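On the provided structure of chain B, position chains R, C and Z as indicated by the hints.
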Amino acid sequence: MNILNLLGGLAGMHLWAIATAAVVAAGCAVVGTLLVVRRMSLLGDAISHAVLPGIVVAVLLGGRPGGLWVLVGAVVAALLTVWLTQVLHEGVGMSEDAGAGVVFTTLFALGVVLITLAASRIDLDPSCVLYGILELVPFDTLLLGGVEVPRAFLTAGLVFLCLLGGVTLLWKEFLASAFDPAAAAAAGLPVAGLTTGLLAATALATVAGFEAVGAILVVAMLVVPAAAAELLVHRLHLVMGVAIALGVLGGIVGYLAAWQFNTSAAGMIAVVLGIEYALAVLFAPGHGILARAWAAAGLAWRVACEDRLAVQWRAEEGGERAAEAGVLNRLVCLWLRVSGRIAADGRLLPLGQTEAMLIVRSHRLWEAWLGRHAELPLDHLHPPAEWIEHHLGSEVRRRIAADVGQPAGDPHGRTIPPEG
Amino acid sequence: MTGPFPLPYNTLVVAGGMAAVGCAAGVVGCLGVLRRRSLAADAASHATLAGVALALAATGRRELPVLLAGGLLTAIGSLVVLVMLRRFTRTREDAATAIVLGVSFGLGITLLSGMTARGIPGSAGLEQFLLGQTAALTAADAMLLGCLSVAAVTLVWVGLKEVVLVAFDAPFAAASGWPVFAIDTALVALLAVMVVVGLPAAGAVLVTALLVIPPSAARQWTDRVATMLVLSGAFGLTAALVGVAISAAVPRLATGPVMVLAAAAIFAASFFLAPKRGVWARWRQQRELQQEWSRAGRDPTQAPTKAAGRSGP
Amino acid sequence: MSRPQPDSSPHCLEFHDVTVAYGRRPVLWNIDLTVDGPGLFGIIGPNGAGKSTLLKAALGLVPLAGGSVQFFGQPLRAVRTRVGYVPQRETVDWDFPVSVFDVVLMGTYARLGWFRRPGPRERELARDCLARVGLADVANRQIGRLSGGQQQRVFLARALAQQADLYFLDEPMAGVDARSQEQIFAVLSALRAAGKLIVVVHHDLRSASEWFDRVALVDMRLIATGPAAEVLTPENLQRTYAGPLDVLDELGRAVARRERTP
Amino acid sequence: MHRWTPRRSPGRAARLAGWITCSLWGALWAADVAAAPPAQAPTPLRVLATTTVVADLVRQVAGDLVALDCLMGPGVDPHSYKATPRDADRLARAQLVVASGLHLEGKLSELLGRLGKRLPVVSVADALPQNKLLELAPGLYDPHVWFDASLWAGCPAVLAEKLASLDPVHAPDYRRRAGEYAARLQALHGELTTQLGAVPQERRVLVTAHDAFRYFGRAYGVEVVGVQGTSTESEAGLNDINRLVDLVVERRIPAVFVETSVSDRNVAALREGAAARGHAVALGGRLYSDSLGGPGSGAQTLEEALRSNVATIVAGLGGGESPATGSPQP
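So the protein sequences, as listed, match chains B, R, C and Z.
With positions in the first sequence counted from 1, the corresponding number in our numbering is that position plus 90.
So that you can map any letter, position 280 of the second sequence is 271 in our numbering, and since no number is skipped, the others follow by simple counting.
With positions in the third sequence counted from 1, the corresponding number in our numbering is that position plus 19.
With positions in the fourth sequence counted from 1, the corresponding number in our numbering is that position plus 797.
So here's chain B without its partners, still in its complex pose (with noise of 0.2 Å):
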């Protein structure tokens, strides 16, 4: 039974259980987005465990798993859960964390009790807090329009649309409260009250999740998602639109991968939304790992052929030969040679001319403005202009040759080539 057999055979209900999946997660991914830039994952950890007693009581008090009443008590745990952290912070000067962690934990052992207590009435049991359903949640249907749609999915995708409606209509309050609490505070804009209506969301999110994914994998979803798109993209609505294309991507794959490997779609999908994570520190444009080493390597070697060309400069100048044997050296002049810049016997052309002189006159300005502005020592200058010559440009050499008053000489006494 491989992928293909999968797709092929598919009763429709794997698709059900893929599309719940994937909106939960669409649903998650807008929250998430918010915790993680306001820099509230934890409080996300917290409410995903805390939101178990208003679950359990909830459903002592009759409502059905899934329900209203469930999506009540959650919110209604999770805005305690913040209430309590608020009350220990400001009571008696708690970290937010260790007063977070006093207060999920203990909710959650809590919630724990009850069901064990109340066991026998109702059918939740711990470890489905912990696993989710969402294999079975397509047997769990409603005739909507003729067809049969999962509940969960229908609760899931309602809380999405209304999380989704509510961030898009409040998008500018968010974004400066995400960015600047105390000038959006200033500014009159209500930043508790917004701070208060996220964290409901998040309730809402997470009990969206819990009977799918658990209430525990709930916090992969809120956060990981968000946490690779910030490395991708810097604008907040691309974080967001990034995070829900992660969050469903991760869905779905995660729900093919358990299949394929046979095991908890929940747990298979927090592991795909790992993945996308690392793969996201990897390839990350800019600052990623793989960036930032490519760009390095593309330094090094812009300065090795700089270096190459300054010292051929500096030899027909008169000045020292100092031609530097090994393979990177042979590298560097076969690129100069392939790219005219120096001839086949290692003379500058016309174009490597004009390079070398621009790399030496950066080199000799530098070491006149050190002379001029930093109490250097003539022996000290050398150093520092070899390493700053690679990074002067244009504009900002006019400036400083400007500044140390047009010298025809380096501290040394050799002349600064023109700008040319």
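A portion of the hints provided could be inaccurate.
[As the list claims (entries may be wrong)] Cut-off 25 Å, straight-line C-alpha distance, at most; resulting in silico cross-link-like pairs (SDA-like, lysine to any residue):
#1 R:Lys267 - C:Leu165
#2 R:Lys267 - C:Gly167
#3 R:Lys267 - C:Asn159
#4 R:Lys267 - R:Ala225
#5 R:Lys152 - C:Ala197
#6 R:Lys152 - C:Asn159
#7 Z:Lys929 - Z:Val1021
#8 B:Lys262 - B:Gly278
#9 R:Lys267 - C:Ser118
[Said to hold, decoys possible] Partial chain Z-side listing against chain R, Cβ under 8 Å, derived:
#10 Gly976
#11 Arg1062
#12 Ala1077
[Claimed, not checked] Pulled from the structure, derived: some chain C residues nowhere near chain R, Cβ distances all over 12 Å:
#13 Thr110
#14 Ala150
#15 Phe174
#16 Gln257
It should be emphasised that the hints constitute simulated quantities derived from the structure, not laboratory data.
For clarity, every value in this text was computed on a predicted model and none was experimentally measured.
Note that beta-carbon positions come from the ideal geometry of N, C-alpha and C, so glycine has one too.
What follows is chains R, C and Z alone, placed relative to chain B:
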């Protein structure tokens, strides 16, 4: 053979094991809270599940030491990943902790479920590590937990001044030559050991409570680290014993969660009643100050005699 | 321990072509500075000039991108116990459960080494240091219950307990009431009289000229150094506080992004 | 700064994600209609049994006339069963789902009730007369009915009728085999009763890891106690273990038993507690409770499992004079 007091054997064994774990968790937890590493311990505790599953898959044996050893490996592994995330990525610490927590727990469940689906013998019972299986503690288990707890507390007492120095003022510690990163790593490793020792007691999800609640309660009573350690150990021990007692009295009640609730009760009491820091004490102080001012207000010459509370900057 | 003779011995403190970068962005460029004891040496410059970074780089709290720092002619590792440090106040959680006396005792930990507990000799020393900064009466109070000035003096007492020959103080006068400033300065003068070298990061120009024997003007690079009277001239101050910073900023960004400046 | 997603206004990025979800939903609606199961299956009926016990029942009643698949393998505890996507796939493919019923399968049983609308489902134990069942709590019955062979004998007929309605061609075979199997079960019932008679009355106390043997106790006059409750979900409390240690010591019970699908740490703690009170309790052996043995275990059918259980119990509880320290059979 009824012992000196007619407590059943199992209750004694469980009480002994859990008392040691509760006390050690309280003591080590103090340093975790002071160094703001307790939520990293939460991530480590969720990671133990994957370790337990791997240990069973690798060795096929179900004895507690084997499973706990597996749990320790992944707990420390998750803390290493956490450090690497903080150093090599732009992701902030709270998000990184949540990532490690969520993904490692997901991995644990994936492994467990995969093994059960493949009918690997004994994998069915591993869920007990999620919520703790205290009542089924045998003497050998209790002995193991006891020794680890005593070792942890001794380590804390021996290296106390180094850890407190680093927790209080890391730059000063580094400047005066202490290897701050090494001391931090040792503390986090000790937290991971305590997470694993606490696993059978409270389970992967609640073991953080044993490391966070007693120290937070102890902090309300004292301004000295040494006293805080002793108090936190005592609170952890008391919570454990109360949890065991209740679990022995009421049928069908798991010991782990009850221990956590007992610790929470102790914390609540400390939160309100502690002298100086407690809410009631502060409220009383506030009221006295207002009364003095109002009296002074009526009689301008008689300013308040003693400056109550802290003379703020 | 014999005190090094000023002329023949190596410099108390020597920065040799020190460059410091946060991430890839340089904040201190090629600092070359030698300081001889004893005396009060001020590091002066505008905010964000990298003054306290220079201090932290010397103590190894921030990695050096280039160059080296020597203490009494040796690397810091060899002479750790001869160097005292007073960090900035906001680096610490003032709700931490320790008393004033405990904090000062921490100054003695370095000489005690691993696992040994402070004994009566260390306690006596701590009490003496507390007396020297005039805080003997609040020894058992939790540090959070002190004023800003008192907290700063606790840090100073802790440094005294290190019994060092060279002291680094990072903005000791920031946010401190006038009376405490005088008390701190009195202690520093006493140290100078005892032949110690005290290096202080300071931002207030007015008090700089009267307090310090020698100063260094720093703004991402070393502008001038020497006796306070000669260095604190209007021309130097103008170069420090209104110097051509934009060049260094542009360069810093270019280096960070591995590109050329525009 | 390289940017791989085009610059969009806030609403449009979110709408893009919304659009993806909708198109996904549309595609699945079409796939659902196209892949509806064909009405009448010419090939053998695809039957999915939930537990190994139920699978054995289907095998006995239908033999090779149906393509039988079992959801939970040997050694899997039905109370805490977690479906994987592939299990859900097997559920959806089945033409008839046979479950044990009375909420044995935990969360799954509730969903099987709803699945009934789209797919024929039969819970054999639900059909048994309620007056014969043991009530744990109002409306909640002990689901372990297969330990009373005579009671379980009522189930083959229920299954046969369901199979007949779905596969009328073989209806007579189903009814005949159901009748034969019911008769064999009744005979087995008698046989087990006589075997257990060998154990003296005061030693007939069966202590096991979880409370699955109430029907067995009622049927064969054995007092039954489980460390954990009827569902392995509710974790054993210290109170339960202490209570059992007292029972084992006072009644001087020679052996206690572990089960294939339940963690045996509870029983280990129980034996240690009793030993501390000076009463050495042997480990009587491993019983088959919620799941039968795997291939080659000698207990693949219910009959073999019951016989193996009784043999282990008789050996453990002292059919002879001294409590034989039975080595735990696989």
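Requested in this report: List in ascending order the numbers of the hints, as given earlier, that are violated by the structure.
Outcome: 5, 10, 12, 13, 15
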